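Generate coordinates for the entire structure from the input sequences, incorporating the hints supplied.
Note that the protein sequences, when read in sequence, are chains D and U. Sequential numbering of the first sequence, starting at 1, is according to my numbering. Sequential numbering of the second sequence, starting at 1001, is according to my numbering.
Derived from the structure by calculation, the hints contain no laboratory data. Note that the coordinates shown come from a computational prediction; the quantities given were computed from them, not determined experimentally. Certain hints may be false.
With a cut-off of at most 20 angstroms between alpha-carbon atoms, the simulated EDC-like pairs for lysine to aspartate or glutamate come out as follows [stated by the list, open to error]:
hint, chain 1, residue 1, chain 2, residue 2
1, U, Lys1076, U, Asp1531
2, U, Lys1200, D, Asp207
3, D, Lys215, U, Glu1629
4, D, Lys233, U, Glu1656
5, D, Lys233, U, Asp1267
6, U, Lys1210, D, Glu367
7, D, Lys418, D, Glu93
8, U, Lys1200, U, Glu1211
9, D, Lys85, D, Glu367
10, U, Lys1200, D, Glu278
11, U, Lys1200, D, Glu247
12, D, Lys215, U, Asp1203
13, U, Lys1593, U, Glu1629
14, D, Lys341, U, Asp1203
15, U, Lys1395, D, Glu272
16, U, Lys1587, U, Asp1568
17, D, Lys79, D, Glu61
18, U, Lys1395, D, Glu331
19, U, Lys1525, D, Glu93
20, U, Lys1076, U, Asp1540
21, U, Lys1210, D, Glu286
22, D, Lys326, U, Glu1629
23, D, Lys326, U, Asp1392
24, D, Lys326, U, Glu1398
25, D, Lys326, U, Asp1563
26, U, Lys1210, D, Glu331
27, D, Lys215, U, Glu1306
28, U, Lys1587, U, Glu1463
29, U, Lys1630, U, Glu1306
30, D, Lys326, D, Asp283
31, U, Lys1200, D, Asp198
32, D, Lys233, U, Glu1306
33, U, Lys1308, D, Asp207
34, U, Lys1525, D, Asp338
35, D, Lys233, D, Glu247
36, D, Lys341, U, Glu1211
37, U, Lys1593, U, Asp1422
38, D, Lys215, U, Asp1447
39, D, Lys273, D, Asp338
40, U, Lys1630, U, Glu1591
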Amino acid sequence: MSNFLTKRHLNRRTFLQGMGAAMSLPLLDAMVPAAASAAQQRTVAPIRLGFTYVPNGVIMEGWTPAAEGAAYELPHILKPLAGVKDDIIVATELAQLNARALGDGGGDHARASAVFLTGVHPNKTDGADIRAGQSVDQIAAEHLGRQTRFPSLELTVEPGKLTGSCDTGYSCAYSNSISWRTETTPNPGEGNPRAVFDRLFGGTAKDLSPEAREKRRQYRGSILDFVLEDARKLQGQLGPTDRRKMEEYLYAIRMVERQLEHNEQQTAAGLEKPDVPESAPEDYAEYARLMFDLQILAYQTDQTRVTTFMMGREGSNRAYREVDVKGGHHELSHHLGDTAKIASLQDINRYHMEQFAYFLDRMKNTEDGDGSLLDHSLIVYGSGISDGNSHNHANLPVLIAGRASGAVAPGRHIKFAKDTPMANLYLNMLEYVGCPTENLGDSDGKLNYLGEMSA
Amino acid sequence: MNIQSMQEGIWRGRRRRWVTGVGFLVLGATLVGEGCQSVPTTGDASAAKGASPNADVMAGFFSTHCYDCHGAERQKGGYDFQTLMETDGRITDTALMELVMRVVSTGEMPPGKRPQPEPEEVTALLDALRHDQEMQIAAIAPDPGRVTVRRLNRMEYNNTVRDLLGVESQPSDAFPPDDTGYGFDTIGDVLTLSPLLAEKYLDAAEGIAKEAVTREVAIYDKSMAMHRKVLVCNHAREAHTERCADRIIRELTPRAYRRPATREELDQIRGFYQLAIDNGDTFYDGIELVVQALLVSPHFLFRIEEEKALEDPEHEYRVNNYEYASRLSYFLWSSMPDDELMACAQDGTIWHPRTLRDQVRRMLRDPRAASLAESFGGQWLEIRNLAVADPDPEKFPEFDDGLRLAMAEETNLFFGSIIAEDRSVLDFIDADYTYVNEPLAALYGIDGIVGPAFQRVPVNREERGGILGQASVLTVTSYPARTSPVLRGVWILDKILAAEPPPPPPDVPALEEAQVDPTATFREKLEAHRDNASCASCHDRIDPLGFGLENYGPIGGWRADADGKPVDSSGVLPDGRTFAGPGELKKILLERKTDFARCLTEKMLTYGLGRGLEDYDAPAVAAIVGELEKNDYRFSALIYEIVRSLPFRKQRGEPEVS
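Below you can see the structure in the form of structure tokens.
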């Protein structure tokens, strides 16, 4: 084995010289954590951040608790959270006012998802110059992701609409993603659970012998070096926009290169892994729970500390027949006061919550260092729209789950000042994970009251 | 270009799309306002300035019929033609011009309760406006615009590995969906490349390389070299040598890059063969590694077009021969150029009009042109969304995956017949035939069709014929459990008439459900909201078109009754014209041939170029539409005019952002 490794490096270097390229060795720093996995090294459990998005708003009458503070009762939609009531904060009056039209006319759905984690009013365009802001998960991923194989994972149960307009005048990119790696690069989710599983646990390589695996890694490394060099050369021959496209390619290839240097099997042994089907389950609950399971697995194996999950594309018109709702979700959300439609919407809202409760229950029951996974996490659940009928972006439905290793004191309903920027919450989160940030979107300071002392 | 002017450009483009979807704002028009960077014009710039030579005609019409509501005293809807005529002596905003032409020609304005203009007055006004519009378009400086480098989308990737390597396993089906812009997945700006996709590229490359080489090893002894795409040596299988590897690399690399490869590039690729051999691998392993590397190269994954204007961003230049060949092949085939097209690129004849015409004709007759129907058609008509259509299974138990596929196939075959037979594009609106198999025939109530194979059948034009009578279109414009005249009406305006209505205002007033009889039909309820003036201005245009299709149920079956009442598929257009049923609706749509021709041209040009259209594309669009009309609306004329248009042949430089 050690022979092979020596040979490997020699060959690779010889190969590079043969190409006449003056190559840096960008992999060296990445190899260090690969050799001694972060999971083994750490003494204190890291904080994980998760973001779960639901489209089309919720029926706020069924969501907002009547009482503030710790002595509140879970309203209808939140009832499934009974088992984790002491681990969540119901946050009222947070707003994403940059999702308002602000002179841009229709398109509240596209704006709602684009603003949700960025706090930035997106540029209205059907294609050219797609722009919002870097999202909170990606700021955290830049920081936390250095220690893990994947800086972040983006998941969805409803991959993008296939064609046509998603929301008047807005490219579908805005409705399909809540995560934005940069202000011009949306980060759409993977919708195939099998593909997520294979990514985490070796996929096509897992049946290979260690030797064959190693050789494959070497070859892939050489291919990546080659294409990186090609793309760099191309940079000099392109105009500014094309160069940006090539930078996107370079970044993507570098990320793959980094993953290659982490051993994908590192800490997976002995974990209970879900039985992952080849394609997405038809049943919504089964599908969503699988995606939650995969997030837990990724946290447990410390392959990533940041996840985002869309429980539906913004503006989704899915028919939730699992709970006997025949109309499409978006179609129903413009209920015009129709009580039957409102009841159906509550059924959908609660159904989503049942799946999220499953996730939190499992997080709470998963050991992690000196506590549970939920103790060491902060998971935000919400929508960029409160009332789907009028496309309101104030007083959003927001839950904050977990304790962020003690930084947050859950078990309360907190009513913030009217129209408090949701982005303020993100500043708190970034501070908890050791990545203090001054501004994010329309933030105007951190939230008070989340920690025990200030409650 | 500074940021401000860029933003204005975007704003203009958006405005153009929103106001009517058809008008092109003239550069420097009043809408842009102060601070707009002037754009050099080469046409007769004076044509777009000063009073119109037809000012008298316009002022006469407007003062008689419009000033009362849209003049200095009152500006209903914010329109004041009096001030406009008195200060500018013309309508400079072409979107407004389009709007005026539309509402006057369709009789929307003046409203029915006001005295109506004589037909001659209307004709004179429309002629005057059309003349002005032509002058304004003529005054726009020719500008090819700039296309952002395009990554192969999923269909292009599948087709390209099929044509490059003979691999037909459709590996890109496992890739994340491509984002779309302007309704299409060919738009360079939105074709992003995530780390996830890069991982998939690497995995796919490995699988494809193995599949390609394994397949050719298996057939090697039985096949001639010319029938193999990778193992192109002539000698016996046992005799593979480094020289053979060299030859493979020399032939495969330019095909993968879709242009000649440099010596340095060939050396790089050869390095992979050598790497495998040095590690003790076989000849075939070495070739596989070569193929893998090629498939992850940016020269394969992107359609790179060499920037020739780095020093002079204002410069516009013709793309090179090979880039043009790729523009053609990806437009018509969603795939790489074949040997014949590459030969035309190599000797430069690809630019000769006769060769170009022959090549276009040849390419349209080639089976690969099915991709144009599937990709362009699937997106223009939005039938790609059939894959996620979700009709209520209780109401429509017959809707299974077989029927879902059959619906898409009908439209693909129909589109394919228009391409292959070079039919008139007006056949999209109305035709006397379609394609059905047994499940689809059952849905349509056509007897005597047995089995899963498709047959071309004549149809009764009152019921079927043309895309509006196809289950695919009718299903993707419906909700799971009911039809939506609004969605269907908007669909017709957007896909046929290039007149997509603006989005509803943000404060949509709630339907006063209480005032509507609970036993009313859905149509009656929907009509109630048109009593509200702010709804009526758009829904008077949208809803009647959708009502015309009410005889088609949510999955496109014909129905005489719905919810226990007879279907009312009559409509009243804003000009007071009435129709009953889809047959008459189609006749009315066919009267608007030019609108349809422009609509199709705009969509097809967007798709083919890979960018959204801008103000400066107006002359190109007008020229294509003009030629299309001259050539009896033949499909091949549309394609030929697009590929020889300025934006398709050329590229403009791009300034550095300071």
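Comparing the hints with the structure gives:
Our distance criterion of 20 angstroms between C-alpha atoms is met by U/Lys1076 and U/Asp1531, whose separation comes to about 18 angstroms. Proximity of U/Lys1200 to D/Asp207 is assessed by CA-CA distance (about 18 angstroms); at most 20 angstroms being required, the pair is judged to hold. With a CA separation close to 62 angstroms, the supplied pair D/Lys215 and U/Glu1629 exceeds the 20 angstroms bound. For the suggested pair D/Lys233 and U/Glu1656, the alpha carbons sit about 18 angstroms apart, so the restraint of at most 20 angstroms is met.
For the hint pairing D/Lys233 with U/Asp1267, the CA-to-CA distance comes to about 16 angstroms; that is within 20 angstroms, so the pair holds. Restraint check for U/Lys1210 and D/Glu367: the C-alpha separation of about 43 angstroms exceeds 20 angstroms, so the hint is violated. With a C-alpha separation of about 5 angstroms, the suggested pairing of D/Lys418 with D/Glu93 holds against the 20 angstroms cut-off. The hinted pair formed by U/Lys1200 and U/Glu1211 meets the criterion: a straight-line CA distance of about 16 angstroms does not exceed 20 angstroms.
Distance hint between D/Lys85 and D/Glu367 is fulfilled; the C-alpha atoms sit about 19 angstroms from each other, no more than 20 angstroms. Taken as a hint, the U/Lys1200 and D/Glu278 pair is honoured in the structure, with Cα atoms around 16 angstroms apart against an allowance of 20 angstroms. A C-alpha spacing of about 18 angstroms is found between U/Lys1200 and D/Glu247, which places the hinted pair at or below 20 angstroms, so the restraint holds. With a CA separation close to 15 angstroms, the supplied pair D/Lys215 and U/Asp1203 stays within the 20 angstroms bound.
Distance restraint check for U/Lys1593 and U/Glu1629: the Cα-Cα separation of roughly 9 angstroms lies within the 20 angstroms cut-off, and the hinted pair is therefore satisfied. Restraint check for D/Lys341 and U/Asp1203: not satisfied, since their Cα atoms lie roughly 46 angstroms apart, outside the 20 angstroms limit. Between U/Lys1395 and D/Glu272 the alpha-carbon distance is near 42 angstroms, which puts this suggested pair outside the 20 angstroms criterion. Between the alpha carbons of U/Lys1587 and U/Asp1568 the distance comes to roughly 18 angstroms, so the proposed pair stays at or under 20 angstroms and holds.
Our distance criterion of 20 angstroms between C-alpha atoms is met by D/Lys79 and D/Glu61, whose separation comes to about 13 angstroms. Restraint check for U/Lys1395 and D/Glu331: satisfied, since their Cα atoms lie roughly 18 angstroms apart, inside the 20 angstroms limit. With a C-alpha separation of about 36 angstroms, the suggested pairing of U/Lys1525 with D/Glu93 is violated against the 20 angstroms cut-off. Simply put, U/Lys1076 and U/Asp1540 have alpha-carbon atoms about 18 angstroms apart, close enough for the 20 angstroms limit, and the pair holds.
Between U/Lys1210 and D/Glu286 the CA atoms are separated by roughly 35 angstroms; this puts the pair beyond 20 angstroms, and the hint is violated. Only pairs whose Cα atoms come within 20 angstroms are accepted, and D/Lys326 paired with U/Glu1629 is rejected, the gap being roughly 46 angstroms. Between D/Lys326 and U/Asp1392 the CA atoms are separated by roughly 7 angstroms; this keeps the pair inside 20 angstroms, and the hint holds. Distance hint between D/Lys326 and U/Glu1398 is fulfilled; the C-alpha atoms sit about 17 angstroms from each other, no more than 20 angstroms.
Distance hint between D/Lys326 and U/Asp1563 is fulfilled; the C-alpha atoms sit about 16 angstroms from each other, no more than 20 angstroms. Taking the CA atoms of U/Lys1210 and D/Glu331, the gap is about 47 angstroms. The hint is violated against a cut of 20 angstroms. Straight-line distance between C-alpha atoms of D/Lys215 and U/Glu1306 comes to about 36 angstroms, which puts the hinted pair past the 20 angstroms bound. Restraint check for U/Lys1587 and U/Glu1463: satisfied, since their Cα atoms lie roughly 13 angstroms apart, inside the 20 angstroms limit.
This hinted pair does not check out: U/Lys1630 and U/Glu1306 have alpha carbons roughly 36 angstroms apart, beyond 20 angstroms. A hinted pair counts as satisfied when its Cα atoms are at most 20 angstroms apart, and D/Lys326 with D/Asp283 qualifies at roughly 15 angstroms. Between U/Lys1200 and D/Asp198 the CA atoms are separated by roughly 11 angstroms; this keeps the pair inside 20 angstroms, and the hint holds. Simply put, D/Lys233 and U/Glu1306 have alpha-carbon atoms about 12 angstroms apart, close enough for the 20 angstroms limit, and the pair holds.
A hinted pair counts as satisfied when its Cα atoms are at most 20 angstroms apart, and U/Lys1308 with D/Asp207 does not qualify at roughly 48 angstroms. Straight-line distance between C-alpha atoms of U/Lys1525 and D/Asp338 comes to about 14 angstroms, which keeps the hinted pair within the 20 angstroms bound. Proximity of D/Lys233 to D/Glu247 is assessed by CA-CA distance (about 12 angstroms); at most 20 angstroms being required, the pair is judged to hold. Note on D/Lys341 and U/Glu1211: the hinted pairing is violated, with a Cα-Cα distance of about 52 angstroms set against a maximum of 20 angstroms.
Among the hinted pairs, U/Lys1593 with U/Asp1422 is consistent with the structure: their alpha-carbon atoms are about 18 angstroms apart, no more than 20 angstroms. For the given pair, D/Lys215 sits about 61 angstroms from U/Asp1447 by alpha-carbon distance, which is inconsistent with the 20 angstroms threshold. For the hint linking D/Lys273 to D/Asp338, the alpha-carbon distance of about 44 angstroms lies beyond 20 angstroms, and the restraint is violated. Pair hint U/Lys1630 plus U/Glu1591 holds up; C-alpha atoms about 16 angstroms apart against a cutoff of 20 angstroms.
In this structure, the hints that do not hold are numbers 3, 6, 14, 15, 19, 21, 22, 26, 27, 29, 33, 36, 38 and 39, in rising order.
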